[in-house]
Every structure is written in structure tokens, then in C-alpha cells.
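Asks: Read off the chains here:
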Amino acid sequence: MSEDIIKLRSLKKIYRMGDERIAAVNNVSLNFEKGTVTCLLGKSGSGKSTLLNLISGLEKPSKGEIIIHGFHVERMNENQLAKFRQQYIGFVFQSYNLLGNLTALENVTLPLIFKRVGLKERNDRAMDMLKAVGLEKRAHHKPSQLSGGQQQRVSIARAFVNNPEIVFADEPTGNLDTKTTYQMMDLMMGLSARNRQTLIIVTHDMEISAYAQRIVHISDGKIENIVYNDKNIKHSGELVKAQGEAVK
Amino acid sequence: MSGFDLIKMALRNLWKRKLRTFLTVLGVIIGTASIVVMISVGIGMNEGYKNQIEKMGSLYVINLNVPYSYDDSNNKNKDKAKLDTATLEELRQIEGVEAVTPMLQEYFILIDGRNIFDTSIIGILPETMELMGFKVSTGRTLQEGDSMAVVLSSYAREEFYNPKLSWQYRWNGSQNIEIDPYGDKFQLTYDYSYGTKSMDKSIKPKKIEIVGEMDQNGQNSYATFMPLGDVEKIVAEREKHQKAAGQTNNGNKKKKGVYDQAMVKVRDMKDVERIQQEIKDMGFEASSLVDYLKQAQETSKMLQMVLGAIGAISLFVAAIGIANTMVMSIYERTREIGVMKVIGATIPDIRRLFLTEAAFIGLLGGMVGVILSYASSKIINMVSMNMGRETISLIPIWLGLLGIVFATFVGVAAGFFPAVRATKLSALAAIKTE
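Residue numbers (numbering that gives the first Met the number 0), protein chains in the order written: chain A, 0 to 247; chain B, 0 to 433.
Since the hints were derived computationally from the structure, they do not count as laboratory data. Warning: the hint list may mix true and false statements.
A few chain B residues that face chain A, going by a derived Cβ cut-off under 10 Å, partial list only [to be verified]:
id: 1; residue: Arg11
id: 2; residue: Asn12
id: 3; residue: Lys15
id: 4; residue: Asn45
id: 5; residue: Ala322
id: 6; residue: Asn323
id: 7; residue: Met327
id: 8; residue: Tyr330
id: 9; residue: Arg334
id: 10; residue: Glu335
id: 11; residue: Gly337
id: 12; residue: Ile342
id: 13; residue: Asp348
id: 14; residue: Leu427
Because the structure is a prediction, the values reported are computed rather than measured. Ideal Cβ placement from N, Cα and C applies to all residues, glycine included.
Looking at chain B on its own, in the form it has when it is part of the complex:
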């Protein structure tokens, strides 16, 4: 019997017993839909976690900190990990590391004509800024070769103020100063009294160029970014100035080329954990968002398994339904099977006919079940949106297809025993049955 005839005959047999076929298919529909929806909730939650965490920064980046120690003054622990040029090079050599940048946090003042803005400044290697996952809302990130270039803090537009006005006046934010971030009159100074009566006229503000603004949804968006070299230069200048003025800056004295923090970009997410451990072994503190994600995923995996199991039970019940329908059908069609055998149907023909019928029950149930799943998923998400939450059910295409394939497979598996039974009927006995 050819495949086409087989399918035609199988469909005709199913059609002849419409009600029973429908009820059996209904079981598969419910089974498939419940398993798909359950898994979709798990996937949706996973995606949700991932999105939330990705907002906090790149999942490929490890943050490195030099452990804080109280006994900095007396050189008791000589072999304390030091983040210097040599160590940075060592980090770059770790297998799987794409880029490393030290981070230097400072505090400067930006000047736009009469208005100023006190801001945290982070100095990093400009060419690594984009790699490290920092996002801009306008303009661009820092790039290789940038000099005295700045990516503004996302708060800059609201927080420029006129230092000549009283602080109460500026505190309630009603100054409404319009700034043009891409104007050409921006300057930067380390004179923290700039614009007030006590400002140090000997400190000359430096001209800077704004190349972009931080995206407020990204990581470290409060800070203003500058190339590391520029920050170091300004710091050196500040130290020189303070020395000349007879001020000493205890405890804050830093050697050039030694840092407290760094960021390590990893090429492949699955290497993050290993590299993180290697960094810890070097004596640094290392953390990454993968830590959080792992925890979240562990929880959702458990949930997913429990939900999937509940769905699987209903599909299993549906499978029993298919087997039952097929067995019933064989009893009813005993004579028919016998006739087919006598007039030339081979054993594989008979087996394939019953398997095809069972497969169609599975396929049909699977298809309608997956459609139902998409509909339920939509309803679940609408309800959760109304409650102010995010999407919690997500059915990727692969899950939909897998649902159909799996339901068909369940159909074939459930039909196997009845099909074998049908082939074992003796043609003669079958014909004699009235």
C-alpha cells in the first residue's frame, strides 16, 4: 500500500467514527496544551529574569575589585594582590578573555557657561567602553584615540545648576536649565569651589568634548565617562597643584598605574564562571551578573520541571485514551482487517494503517493543542500585564513545533500495541466474525 493510500484510508477510518475520534483528539489537545503552556511559563520566567539582569549590565562582564584592607599603612601583607599594569596584562592572557580595562573613579566638575554639574567620573580605556556593555542614549561611546572626550551622565540634563544661586533654590530642581550637551563650550575642572566666591583662579578649566550621553537604563549611568589617560593626567595635575599649595591628601594618594577596580569582558558566557574563579584565585574579588542569573535560573528550572510534570500527566492520560480508542477500533474492525488480509494486505500494511491512524490523532491533537497554547499564553500574559507584571508565558517556535512532534510521537507510541495486535489477528477467524 502506498503512503498516499495509507493516509487516505486512515483519515477515512477516523472520519467514520467522528465523535470518538474527536473525543480522543480532545484528550491530546488538552494534554499538549497543558504541557506547552506549563513549559512556556517556565521559559517566560527565565527570559524575564534574564532581561531584568541584563538591564543591570552585560552578562559577559566580570567586575574585579581589589579587596579592601585596613592595614594599608604598615606593609604587613606584602603579597597582597595588586592591580597594576603587569597584573592587567596577566588578566588579558587568560583564555577566553576578550578585553580588560582598569577603572578609575574620580569626582570632577563640568562647566557649561555659568552652570556647573558635580559628577562622578569613571576613567576607562576608551576602546573598551562599548565592549563592556555601557549604553548611550544619544551620541556614541568612547572610542580608541578619544582625548578629553566625555560621555555625560544620564542625569546631566537635570542636574546642571548655577552655583551663584542659593542652594535651596537649586535643591528643588526648579532651575530648569536648558543645556545643549553637544555645544562647544563645555569645560572640566578639579576646583570644587568653581563658580563660588572661594574659587581658585589659578586652576584653569580644561576644554572637553561631549560625544554622548549615558542611557539611564544601563549600568553605571549615574557616572560620566572619560578616557583613563585623561583622568590620570588631571589627577596628576591636581596632586601637583595641591603639593604647591601645601595641601596634603592623606590616604588618597595613589600610585599611577595601580588601580582598585577593573572590568573583564569574556568572549563566551559559559566561560564566565571559570574566569571568575581564576580571578578569585589571583586574590581579587570578582562578581558578575551570571551569579544572579544562575540562582534565578536554578529556581525557575525547578518550577519548570514541576509544571512540565503536571502537563506530562495529562498527556499520558491522553496517550491511554489513544490506545483505548485504537483497541476498541480493532475489536470493531476485526472482520474488516481479516478481509483486507485475505485480499492481499501484508502485515506491514495493516500495522502501518493503525499506526497512521494513531499518529493522526496525535498530530491533530498536537496542532490544535499548540494553537490553543498560543491563545492561552496570550490570555495569561494579558492578565499578568493588567496586574502590572511582565510577560510570563513565552512559546518560542521550537516549543510549538516540538509540541506537535511530541504529540504525534505519543500517538504512534500509544498506537503501537494495538497495531501489533491487529496484525496478529488470524485472517480466517476475522472473516468468520459476524
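In isolation and in its complexed conformation, chain A is listed as follows:
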């Protein structure tokens, strides 16, 4: 039995630019099934990133409802959102967004620190995550000592460390070369499949969308069409493991 973990109802986001009103997201209704990978595909300025920001509560919608796990995200205040993110959501950013003065391990523990997880437990969990992304030997390096791909691995580890039900990835490979891009995608696929996590990827890259079970084309703030990917999904658990070995 499938279960819709995210429900979007007539979502609208309107920006005012002087006298002009621009609808970045215009009347979007969409459901996300638990444990699936969805790709929001669109050109720059299509409103796909805004849609992601709305779903994750980073921006407030002008109209419409966002229901995650039965909670109305659009009605939450900042503190509730913070608690909500601690509990249910992980983020992977295009520009990694690691804290420069923390080591890789500490960056990964950060969500657990905010969640008040004890020192030993969070270090163990973060170390496990770093192992899963093949970076355990770099645990005590600062981000500046890591390559772009390695930084993104740390960022992925941070997104998954708390075992969130939903992981958002906003152009996760935008700053990476092709080879690394595939590595990252395999990694995310593998990790999310492990615990049946729902993965939502925003990208303009058709190649990447091939990983998703469902591709939602966005244009001018609207859903243009939805394509279901029947082919076997590109990743496998073995592949993730192999990637880990390769990094070593």
C-alpha cells in the first residue's frame, strides 16, 4: 500500500516586483509517495527551486496548503519549523554549505547537536554516515581540505545522519563534474533506498532526472507534465559500496 507523505494543494507563490506580480509557483497540486524519488525538472527561473523552498518551509506560500505527515507546514511558526526540520527533513545544497570551522565529522553531527543527541551517540552515528559515504578517513579534515566531491559527500552524510523521512536536494551536482555527479547520485539513491526515504531532487539536468521514478516538468511555475520512469532505476546498493571503495 502506498502512502502519500507530502501533499501539495493549489500552492501559489506570488512575488511583487514593483507594480508587477509574478507567480513563481502557480496553482501546483502534487503528492509525493513515501520512499520514492521525484525529480523537479525545469529551466532556470521555472519556479522549481521556489517550489522546493515552499515544501521545506523555507518560504511561506501566498496561497495553498502543504501537508507533510499530516502537519500543515504553511501554518507553522519559525520555531515549529525548526523542530519540524530536525525531525523529518534533510537538505543537500548545490554549494554544500558546510561550516568552515568545523571538521567533516562535526559538520555531520550538527543536526544531532541541535536535536540534543548525546556526544557519544552522535559521534558514532556521524562516523557511520561518513563510512557510508566513504569518507571515514577524512573525518577530521576541515571542508577547505576536501575536494568539491568530498564536501558534497559530507553534506549528503549530514542530510541523512538524522535518518529523516524526506531529503531535499537542490541542484546537488551543479558544482561537480560529470563523473562525480554520477557518484553523488548513486550515493543518494543508495542511502535513500536503505531506509525507504523520500527524495526530492531539483535540477535542470536531464541526465540526473533519469535516476528518478517520477519526473515532474516545471515551467512558468506550473506543472507541465509528469513522466514516470519505468526503466530500472540506475542505482544499486552494490554500486554505492563500490563507490566507497573507490574513494579509499
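Dock chain B against the given chain A, drawing on the hints supplied.
Replies: Chain B in isolation, oriented as in the chain A frame:
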């Protein structure tokens, strides 16, 4: 975020910007040190006054005098205040009074074998002597039940002389008479010609016992103390003797039980002024060292406030420095704050992080500032000692602790506005900042 993680992260952020943190802390150090040192000088001066005044006698004692009047002979002013047994009892009944003793000043001669010593004698109730703040250098003060007991004047050892020798010889103090104050051959007489050719053989010296010696740094140390009753007895005897010899002693005739002076010991220093006023209302003259102390303290309080204000200005400037550092830090860390918010930091987490950083700047500055204050205080005192003055800077422990607490508080207060500002950053806008 737990307290431990908060502190760790705050310290790490401060450490990352070592130079800037150091400069900001330096401002707090100077601010704290200047305020603490300024106040310490005020406290030191206050203590100095107090010590000086306490040497003059107890701050708890009011000296009472019967006003001198010229028209004693004709009983014009009948309702003039009289210090008699009834009045003394009245004084004892005043709320807050611990003890009262009348004082009777006389002049007798002490005899130690061949040598004598002319001395002022003060007769007081023996049991009150210690209470009234009189100090001895050896032996003890007079006590209840003492009879013909004496506490020697602090000058006694130097001023015993042989009356048979010429006065020039004794004047230059070269007699070097060794006396044993606790010997058992001391006597007392009211025959002022004792030991000379004209001495009155009919006056028999009385045996006395020395129980102590006055401390020369204390009050009334020039005088020799005796129980009031003994002095009164000797005075009565002297009057009888003079009467028998046909001498009259005009003007000096005193009724027994009526006195010119008294001392009033007050239980609590803050009552001194009130009781002093009550005594004045009874028609007596009353004075206490608290009068002097009040004046001195008034002056030093003014000084203390001016000095404190100067110190406060530098701490205020330091506070602006902290606020500036924190605001700068927020601009620099906009993205970092956004990331923390997105991955689950709550608003209180962010606010507490910045407040903790500001508090640490204050705490660190306060601690080093107080250490610096102790060092400066020592140097100031060394300089003033070299110039032959007393200690002028004093930092009690409470002032040191207060300095640290206050500096920390200033840090938190200065960090408040920046911290609130940090929490208001939109997570999304913060992440987009490159």
C-alpha cells in the same frame, strides 16, 4: 542545543577570529580594570580614614560633657542639665545604649619606692573599660570587682623620677629609671609634695595594684585609669584632710555622685547619630568620632563617584566594541546562520549562541581585567608607600567578583541587539548569500 555544545561552539567561533576577539577583549580588560581600580582607590581612602579615626577611639562611643557655665555660683539656671545618678540611669535606658560610665578626672601621684610619677587619673566604672574601647599594651583593662587597681599611663615607664634630684636633672629625661610595673610596691597619694622636704607625713600613701598599661596608640593613653569608686573615696578623704588642715578648695568642690563627663557605648554604629542627638536634647554636649568619619566618608564618596564614572565611560566604550564585533560577525556568518537554521537550529539556539559569544568576551575581559586591577592596585600602593603614605587602593574580594560579573553582564547586554538581529535573518536569504 545543550549548554555544553553551546559553549564549545561559541568558544570555537571566538577562537576562529582570534585577533578580533583579542582586541575586543582588550577593550573590556581596560574598561573593567579602570572601573575596579577607580573604585578600589575610593574604598582604600575610606578604609584609611576609618583606621585613622579608629585609632582615636571607638566609633561606638559618644563622649558626653556637661556644658560649662560661668554663673555657677548664683543659681540662676536651675534647670541646667545635671549629670547625676538619676541622669546616668536615664541614659542607660535609651534604646540601643549598651553601657554608660561617668568619668572623674583627678590628679594623683604614684609611688614606686624612691621614684614618683605625677599622673592624670581617670575614674570610670571598671567593668566598662574594655567596652569603651580603651586598649592596653600589657596586662588587662579594669574589670568588675577591681579595687585599688590601676591601669598605668602609657608614659609611666619614661616618666617616673626621683623627686629628691634637681628638676633640671630629671627634665632631660636622663634618669633612666627602670620600673617594674607589676612589682608589688606601688602606692598612690594625693600629697603633691611627696618625696620632697615639704611632704605631709600625715597623709598615708595607699597600696595599689597595677593590672595593665595603656596602649600608647589608643585613646586617653596619657592617663592612668582607676575604678570610679576608689577615686571618689580618695577625693573624699582628701577633702576631709584639707578641711582638717583649714584649707578650702574654692570652686573645685564637687558633690559626690555628680559628674562633668561621661561615655556612652552604643550597640550598633548606625544608632550613634540618633543617640547623640537624644543626649544633646537632654542638654548635654555630645560628640563622637562618627562625626569625623561621616565628613570624611562624604568627601570620599564624592571622589569615588567621580572616579567610578570615569571608569564606567571606558567600560561603556568597550561595550560598544563588543556590539560592533558581534554585528560584524553576523554579517560575516550570514550564510552559516542560515545553514544552521535550515538543518534544525531553533531561534533560541541562534540567539543563545551569539549571547554566549558576547558573554565570553565580557567574562574573559572581566577576569583578565580584575587580575590587572590587582596588579595595578599593588603598584599604586607600592608607589604611595614609597612616598610615605598609607595604602590607597584596596580591592576586596566582592569587588573583584563584582567586576567579573559586571563585565559579563555588559557583554551579554552588548550582544543582545546583535543576537536578536541574527535570529531575524531569513534562512533562505542567508543560504543564498555567497
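Asks: Next, verify each hint and record whether it holds.
Replies: Checked hints:
1. Arg11: Status holds, d = 6 Å.
2. Asn12: Hint on Asn12(B): holds, closest Cβ of chain A at ~7 Å, below 10 Å.
3. Lys15: Interface hint status for Lys15(B): holds (5 Å vs cutoff 10 Å).
4. Asn45: The hint is violated - Asn45(B) has no Cβ within 10 Å of chain A, the shortest such distance being about 49 Å.
5. Ala322: violated, 22 Å
6. Asn323: Asn323(B) check fails; min Cβ-Cβ to chain A is 21 Å, beyond 10 Å.
7. Met327: Not OK, violated: Met327(B) not within 10 Å of chain A, min 16 Å.
8. Tyr330: violated, 15 Å
9. Arg334: holds, 7 Å
10. Glu335: Nearest chain A Cβ about 6 Å off; hint holds.
11. Gly337: holds, 8 Å
12. Ile342: holds, 5 Å
13. Asp348: Result: holds, 6 Å to nearest chain A Cβ.
14. Leu427: Holds, about 4 Å.
In this structure, the hints that do not hold are numbers 4, 5, 6, 7 and 8, in rising order.
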